[in-house]
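Undergrad: The primary structure of each chain is shown beneath.
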Amino acid sequence: MMAESTPLDWQRLREGDAVASLDHEVSLTEVVKFIGATWSFVRIFYDPDFARAQGLEGTIVPGPLKLALLCRMLSEWLGDAGEIRSIRCANRRPDRPGLLRCRGTILRRYEAAGETLLDCQIWIENDAGERSVTGAATLLLR
Amino acid sequence: LRDSSEADDGSLLTDAVRALIGRESAPRSVRVEPLALQRLMEALGETRPLDVAAGDQAPVYALALLQPEAEALDLPVDLPGSLVAGDEWEIARPLLVGEPLTVLSRVLEISERLSGRHGQMLYLRFEWRFLAADGALVATARRILGRYRSNAQEQDDG
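Chains as they are written, first to last, in our numbering: chain A, 57 to 198; chain B, 187 to 344.
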């Protein structure tokens, strides 16, 4: 669920401000739905025995699913006030199904070609507090 | 034992692998289908209404529906294991549900890593460009995919 629920004054957003967070419990069922929808049937995502044979503790969450969750966090935070111009992330360590904490902060607010843009740092934390995914996004404020 | 597809020095970065760099796929027609998007939104626990229809603005992550073939690239070396090291999406203008798009994909670069958790690996950087009917760029997606020898006897199909 989204932690941020109060209306934002977009003009007051500055460097260092946090963007909304998103805590989401990813189940194996959701992983299977995701790989079915995106037609990406890599066995370490759905076959526990195979994943363990690969040296993992069990099945893992696909990297593109985690990127999609970061997109969801930013889109829900922006609402009608803006849109995502670009987003990128690096998958630093595997995540098992479970609670994923999506987070972000504003790195820079600037004007370019008459548009107001926000550069953000984004990441996902696992249960141990480690950043399993790190990345960046550029947002357009309307 | 050395894989017969390795170079003499044991590198996976053979001439046949290098030849993939820059090769562009044939144009392919794709679109964000409403039902596929609804299923994707449900998989992500979306809180917004799932009843999307043709012409609606699609969420940025709908691009994940349109770029599945990177894992399926037929490499001239036997590296059945795969992992997505990173992804990038750039949006030039809103992606619409049901809009016919042409996608062009290519391998931007390939590099080799000699050691790590998965041993000797290749990293391939893919790019997909999604064009509207008038040829205008709608979005660009890039992915870095690692390919490695599987640890298990039964091979990964990714």
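It is worth saying that the hints were derived from the structure and are not from the lab. Just so you know, not all the hints are guaranteed correct.
Residues on chain A that point at chain B, a partial pick, calculated with CB under 7 Å [unchecked claim]:
(1) Phe90
(2) Arg141
(3) Arg144
Stretch by stretch, here's where chain A covers chain B in the computed footprint (C-beta under 8 Å, at least three residues) [claimed, not checked]:
(4) 230-236
(5) 243-249
(6) 274-280
Counterexamples of contact, computed for chain B against chain A with all Cβ distances above 12 Å [as the list claims (entries may be wrong)]:
(7) Gly267
(8) Leu287
(9) Leu294
(10) Gly321
(11) Ala325
(12) Gly332
From a predicted model like this one, the values you see are computed outputs, not experimental measurements. Cβ coordinates follow ideal geometry from the N, Cα and C atoms, glycine included.
Undergrad: Please confirm whether B/Leu294 is truly not at the interface, meaning its C-beta sits more than 12 Å away from all C-beta atoms of chain A.
TA: holds (14 Å)
Undergrad: B/Gly332: least C-beta distance to chain A exceeds 12 Å?
TA: violated (10 Å)
Undergrad: Holds or violated: is the Cβ of B/Gly321 farther than 12 Å from all Cβ atoms of chain A?
TA: holds (21 Å)
Undergrad: Using 7 Å as the Cβ threshold, decide whether A/Phe90 counts as touching chain B.
TA: Holds, about 4 Å.
Undergrad: Given A/Arg144 as an interface hint, is its Cβ closer than 7 Å to any Cβ of chain B?
TA: At 4 Å from the nearest chain B Cβ, A/Arg144 passes the 7 Å test, so the hint holds.
Undergrad: When you look at the beta carbon of B/Leu287, is every beta carbon of chain A farther off than 12 Å?
TA: Consistent with the label, B/Leu287 stays out of reach of chain A, its closest Cβ about 16 Å off (over 12 Å).
Undergrad: Can you take a look at whether the segment 274-280 of chain B is actually covered by chain A? Rule is 3+ residues, C-beta closer than 8 Å.
TA: holds (count 5)
Undergrad: Given A/Arg141 was flagged as interface, is its beta-carbon under 7 Å from a beta-carbon of chain B?
TA: holds (6 Å)
Undergrad: Examine the segment 230-236 of chain B: at least three residues should have C-beta closer than 8 Å to a C-beta of chain A.
TA: Contact hint for the segment 230-236 of chain B vs chain A: holds, 5 residues under 8 Å.
Undergrad: Using Cβ atoms and 12 Å as the threshold, tell me whether B/Ala325 really stays out of contact range of chain A.
TA: Given that some Cβ of chain A is not farther than 12 Å from that of B/Ala325, nearest at about 10 Å, it is violated.
Undergrad: Tell me whether the statement that chain A covers the segment 243-249 of chain B is true, taking a Cβ distance below 8 Å and needing three residues at minimum.
TA: holds (count 3)
Undergrad: Would B/Gly267 pass as off the interface with chain A, using Cβ distances and a cut of 12 Å?
TA: violated (7 Å)
Checked against the numbered hints above, the structure breaks hints 7, 11, 12 and satisfies the rest.
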